[in-house]
Amino acid sequence: MSESAVAEIGLRPAQPRRLLKPETQTAMLFLLPSFLGFMIFMALPILASLALSFTNWQLLTTPSFVGFQNYIKLFTVDPAFYTILGNTLFFAVEYLAVNIIVSLTLAVWISSLKRGKAIFRVIFFLPTFTPTIAASVVWLLIFTPDGLADSVIRWLGLGLPNFLLSSSWAMQAVVLVTLWANVGYNVVMFNAALDLVPKHYLEAAMIDGAGPWRRFWRIRLPLISPTVFFATVMTAITSLQVFDEIFAMTRGGPGSATATLGFAIYQKGFTNFQMGYASALAWVMFVMIMGLTILQFHMQRKWVHYDD
Amino acid sequence: MTTEATSRHPHSQSQSRHRILRRIGTFISYAGLSLIALLFLFPFFWMVSNAVRSNTEVLAVPVRILPEEYQWGNFVEALVSLPFGTFLMNSFIVACGVTGIVLVVSCLSAYAFARLRFPGREVLLLTYLSTLMIPQVMLVIPLFLVVSKLGWINTYHGMILPVAFSSFGTFLLRQFILGIPKDLDEAAMMDGASRLRILITVIVPLAMPAIGLLSLFTFIAQWKSFLWPLIATSGLDKATLPLGLTLFQTQQGTSWNYIMAGATISMVPGVVLAIVLQRVIYRGITVGSGFGGR
Numbered sequence: 073m074s075e076s077a078v079a080e081i082g083l084r085p086a087q088p089r090r091l092l093k094p095e096t097q098t099a100m101l102f103l104l105p106s107f108l109g110f111m112i113f114m115a116l117p118i119l120a121s122l123a124l125s126f127t128n129w130q131l132l133t134t135p136s137f138v139g140f141q142n143y144i145k146l147f148t149v150d151p152a153f154y155t156i157l158g159n160t161l162f163f164a165v166e167y168l169a170v171n172i173i174v175s176l177t178l179a180v181w182i183s184s185l186k187r188g189k190a191i192f193r194v195i196f197f198l199p200t201f202t203p204t205i206a207a208s209v210v211w212l213l214i215f216t217p218d219g220l221a222d223s224v225i226r227w228l229g230l231g232l233p234n235f236l237l238s239s240s241w242a243m244q245a246v247v248l249v250t251l252w253a254n255v256g257y258n259v260v261m262f263n264a265a266l267d268l269v270p271k272h273y274l275e276a277a278m279i280d281g282a283g284p285w286r287r288f289w290r291i292r293l294p295l296i297s298p299t300v301f302f303a304t305v306m307t308a309i310t311s312l313q314v315f316d317e318i319f320a321m322t323r324g325g326p327g328s329a330t331a332t333l334g335f336a337i338y339q340k341g342f343t344n345f346q347m348g349y350a351s352a353l354a355w356v357m358f359v360m361i362m363g364l365t366i367l368q369f370h371m372q373r374k375w376v377h378y379d380d
Numbered sequence: 007m008t009t010e011a012t013s014r015h016p017h018s019q020s021q022s023r024h025r026i027l028r029r030i031g032t033f034i035s036y037a038g039l040s041l042i043a044l045l046f047l048f049p050f051f052w053m054v055s056n057a058v059r060s061n062t063e064v065l066a067v068p069v070r071i072l073p074e075e076y077q078w079g080n081f082v083e084a085l086v087s088l089p090f091g092t093f094l095m096n097s098f099i100v101a102c103g104v105t106g107i108v109l110v111v112s113c114l115s116a117y118a119f120a121r122l123r124f125p126g127r128e129v130l131l132l133t134y135l136s137t138l139m140i141p142q143v144m145l146v147i148p149l150f151l152v153v154s155k156l157g158w159i160n161t162y163h164g165m166i167l168p169v170a171f172s173s174f175g176t177f178l179l180r181q182f183i184l185g186i187p188k189d190l191d192e193a194a195m196m197d198g199a200s201r202l203r204i205l206i207t208v209i210v211p212l213a214m215p216a217i218g219l220l221s222l223f224t225f226i227a228q229w230k231s232f233l234w235p236l237i238a239t240s241g242l243d244k245a246t247l248p249l250g251l252t253l254f255q256t257q258q259g260t261s262w263n264y265i266m267a268g269a270t271i272s273m274v275p276g277v278v279l280a281i282v283l284q285r286v287i288y289r290g291i292t293v294g295s296g297f298g299g300r
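Quick note, the sequences are listed as chains A and B, same order. Our numbering puts the first residue of the first sequence at 73, with every later residue one more than the last. Our numbering puts the first residue of the second sequence at 7, with every later residue one more than the last.
Possibly wrong hints are sitting among the right ones.
In silico DSS-like cross-links for lysine-lysine, where the CA-CA straight-line distance does not exceed 25 Å [to be verified]:
id, chain 1, residue 1, chain 2, residue 2
1, A, Lys-189, A, Lys-93
2, B, Lys-155, A, Lys-271
3, A, Lys-271, A, Lys-186
4, B, Lys-155, A, Lys-93
5, A, Lys-374, B, Lys-188
Hints were generated in silico from the structure; no laboratory data involved.
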């Protein structure tokens, strides 16, 4: 990012310094609508949430300032916190890896077809239209004891327990459902990027004797890497926040096997009405997400190519 | 899609073997992908299959793939027993309102971030991006305070405006605009075009695939949205579809079959939109890729 900015400045002749260059004025005008909305509906609530994390607020009482007490309680007293942190990281890492591999595979597979691309795109995108509540209820029905999933497992002779009743398998069910519900976003996005790869690059490589595997790693992947990067960042951010599926399917159970940060924030805030404590949890989540995103932005220099 | 057992053409042997192998490859490719697609579609089949059963049959053991008795009337029942027409209209108004605002606001800001130089650009961009990391579940309480202070509870603008300024669109469009050759802007600038003109006549048409993608993502996210409509509304008159679906879960028990019927109905607008927009997204891309010899 910064590289492109430097290159751009270098190319242009030095301009006379003024208080506000016309380009800056244009930029301010263009950014005005998003900036106004950003301040009122983002910055303000975010600051409010930060302030709340230093209070004890039971929703109906007046918030009282307690300093870092919520944070100290989190890391030292709350016995469930490290379990929740572990579950969140486990889900995020497994889901992110599986999602990117599956969506890239499907996108490359679909783009290799001569006919019927549109049909497959729509099929894999279909679950993303389903209201999460409806999708979760369908899967709840599939995983219900003696339901469809159990019947299939018995029929295949796999000897697995009911996923949602087993503390070691419940998280896998959540990963499966979240993948089913969301993988279409990345498939469609990767497909769009793959279709943008100029044909003559691939033809040139083919003439040079590069096989499909080499063409993917050397040409397609580097050329779509900005899109892959975008998808990886967004998927990581949303997977650390996973809530809907867990709320609808497991409520954090069995035991606390699927209790993630997103679910814990909801539970503390909206069930126990500990808004201050929930806000502190949310800020822990924010720091985790930010850390991961900074790491990704740092690593992108190694594998993301921009056409500048 | 079909394979010929033997090639009767008088080509050299290696050439015809090559062709047969390629046909087999194509067949396996289609068959494999179709199988995955069928597995993917299965939950929808299950949704519809349970939407036309009686509620007791939904939970009956052993599991039956097809209903014993088809109750097609469940769809009518689900539509009539609750004001589904109102829910559909509310969902539609909110989703379209948010999408419209997101498109205008994101195009302007993405262009500014991708092409214009101004002091503090990188810092502001990072600030925007960092808001994507803010957990949604936590923003809801402060947002409720803002909206109720403004007196916007149970209004369309109260449901639309607070969710219309996410920086997701800015980030997505900026990434795409960075991929459009700068020569095009510069050529237009030589012709004396203003920045707004360049954005509208050069960038927007080329970025149509990304804009289509953003419209689709935004519309569907709003169509599915549950938590914010739940908090921003206070009555059935402004309730959206997902809120309506939960009304089938009452203290008397859950009407699984009606939920499934309602869910099936609630998918229709999204599917139609996806089919329409997919043309925009992919046709635009074909135009874009033939451009400028990238």
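So, going through the hints one by one against the coordinates:
Using a Cα cut-off of 25 Å, the hinted pair A:Lys-189 and A:Lys-93 is violated, with the two alpha carbons roughly 48 Å apart. Note on B:Lys-155 and A:Lys-271: the hinted pairing is violated, with a Cα-Cα distance of about 56 Å set against a maximum of 25 Å. Between the alpha carbons of A:Lys-271 and A:Lys-186 the distance comes to roughly 14 Å, so the proposed pair stays at or under 25 Å and holds. A threshold of 25 Å between alpha carbons decides the hint, and for B:Lys-155 with A:Lys-93 the separation of about 38 Å lies outside it, so the pair is violated.
Pair hint A:Lys-374 plus B:Lys-188 holds up; C-alpha atoms about 24 Å apart against a cutoff of 25 Å.
When the structure is compared with the earlier hints, violations turn up for hints 1, 2, 4 and for no others.
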